[in-house]
Amino acid sequence: MIWNPSKESLALDQMREYQGKMLHRMVDYVYHNVPFYRNKLQELDITPNDINSIDDITKLPFTTKQDLRDNYPFGLQAAPQSEIIRIHASSGTTGNPTIVGYTRKDIGIWSECMSRCLTAYGVNKSDIFSVAYGYGLFTGGLGVHYGVENLGAAVLPASTGGTEKHVRLIRDLGVTGIACTPSYALHMAETMEKMNVDRSQLKLRIGAFGAEPWTDAMRDEIEQRLGLKAFNLYGLSEIMGPCVSYECENQNGSHINWDHYYPEIVDPVTLEPVPYGQSGELVFTTLTKEGMPLLRYRTRDLCTMYNDPCPCGRTSPRMGRLLGRSDDMLIIRGINVFPSQVESVILTMPQCAPFYQLIVDRVNNMDTLTVQVEVRQEYFAQGFDTFEPIIALEKELSSKLRSVLSISAKVEVKQPGTLQRCEGKNKFVIDKRVLK
Amino acid sequence: MTVNQISIFIENKSGTLVKVLKLLKSEGIQLIASTIADTAEYGIFRIICSAPDRAYNVLKEAGVAVSLCEVFAIQLDDVPGRAADAIGLFANEGISIAYLYSFLLKGKGVLIFRTDNADRAREVIAKNNLKAIPEKDLSLLL
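Those sequence lines, one after another, are chains L and E. So the first sequence is numbered by my numbering: it starts at 1 and just counts up by one. So the second sequence is numbered by my numbering: it starts at 437 and just counts up by one.
Some hints here could point you the wrong way.
[Unchecked claim] Derived SDA-like pairs: lysine to any residue, alpha-carbon spacing no greater than 25 Å straight-line: (1) K496/E - K410/L; (2) K572/E - N528/E; (3) K449/E - R362/L; (4) K455/E - F384/L; (5) K458/E - G383/L; (6) K496/E - E378/L; (7) K496/E - G383/L; (8) K432/L - K449/E; (9) K458/E - K432/L; (10) K21/L - E112/L; (11) K410/L - N448/E; (12) K461/E - G417/L.
Calculated from the structure, these hints are not laboratory results.
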């Protein structure tokens, strides 16, 4: 089912025309209401009249998380305070939190987009849908909540915590749908086991999961343990909240609500647009937002976007799984390398502890990458008394790294307990290169 | 026919060896023989000691990558050429020696080694009446 075919399945040329019109209006709106953007546009010698089609978006300046912090709390707000009816705040692990104000129209669009997601998952008016994202400053809880109400299903505002009580309600009320983080879904499955509640006692059939990266392996496990079909839900509070993109029944990427949140993929270094099918940093421009509209907001999320036709009939492009974050990207011998890629390889090696350190250096004008891993005590304890298992580990890991990173890396096996434990991601990388 | 050997995976950096030795000292465990095989980055420290089970446990609890395994120990007369004779018997049978080290104990030479085929090595030892040292006799020699 499609909630709003007139937008979700609009012919591409008509959509482009609509997006071009909305982009012109949006630039005109921020030019006259947000001094930050007026200054940026004037620096680039751009006026709203220079923006006449969606292709003109590449003329516009980017917005970063730092811009949001620098303009804390209301510097990027475009609507007058009297029009703001809701304020969300994202946790700021470093620096100021991000404050996002929403007008009544913004909340309406959010609900509309969320209803599109839920309809694509198969939710209808007869469903009882539990929202187990946190309610509060975080956009997850209230964002999904309004979408469920707008669609006409019954919402159970469970929020997080009180998992045993929640499981009991899911069973006793015959709850059919749930939205939460994938890790909370697995926590629920564990709680069910402790309570001796079997999935056959539940009527759950649809799950919407997001707000943290998850894998196909996690999807299989969640589906198997909770007895439901699991769908991806993507969003970010700076742009709106959950509802930015969603999987349809084909699960071949997440359709983007691009009549409201216009997506681009750019090279994180050159900031040049990257064609469909190639990975890069995801960038969003809000086309309709009133409270805090953003031009070309750099999400730092890396992914690939696809525009081949989807059998579901929606014409919007789809984003693939998140590949990592551009903040911690390394460029080694001209190749983009993400610590998360190395981590994902190490996690497939049962001989290694889940810790690592990357050392990047430059020897004779050539970049080198060394990956240090810890051998697990249990692995060595299996009666080994020669170098063979260590050499086999090195070989297996370097060949896997080579196929994932496209560059060769030297593997160093360390004694158990010698590598630094997680104290912030930057500690995992030591870049010794001195560039002249 | 075999004795217990402790094998420890260590990196080539200062302080790692002394950590292991201090752990053994704290338990009052005495070394009978030891050897280090090394590459550029790391080594394997092999130890024959007075209480291998206890040594294994104390090292394991300390988080050391340690394994306990059985190796052959053969006693030879302290006369030149005995090692050549003994190892020659295995070579004649096509059995390879993975590693070997030796020491003198109470005037007798002792060879410690591992082969690529433990079962056939046992047959060679039995057939040729080589004097293999069982674990229990090792500490008696101290």
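Exercise for review: May I ask which of the numbered hints given earlier this structure violates, with the numbers listed in increasing order?
Suggested key: Failing hints, ascending: 1, 2 and 9.
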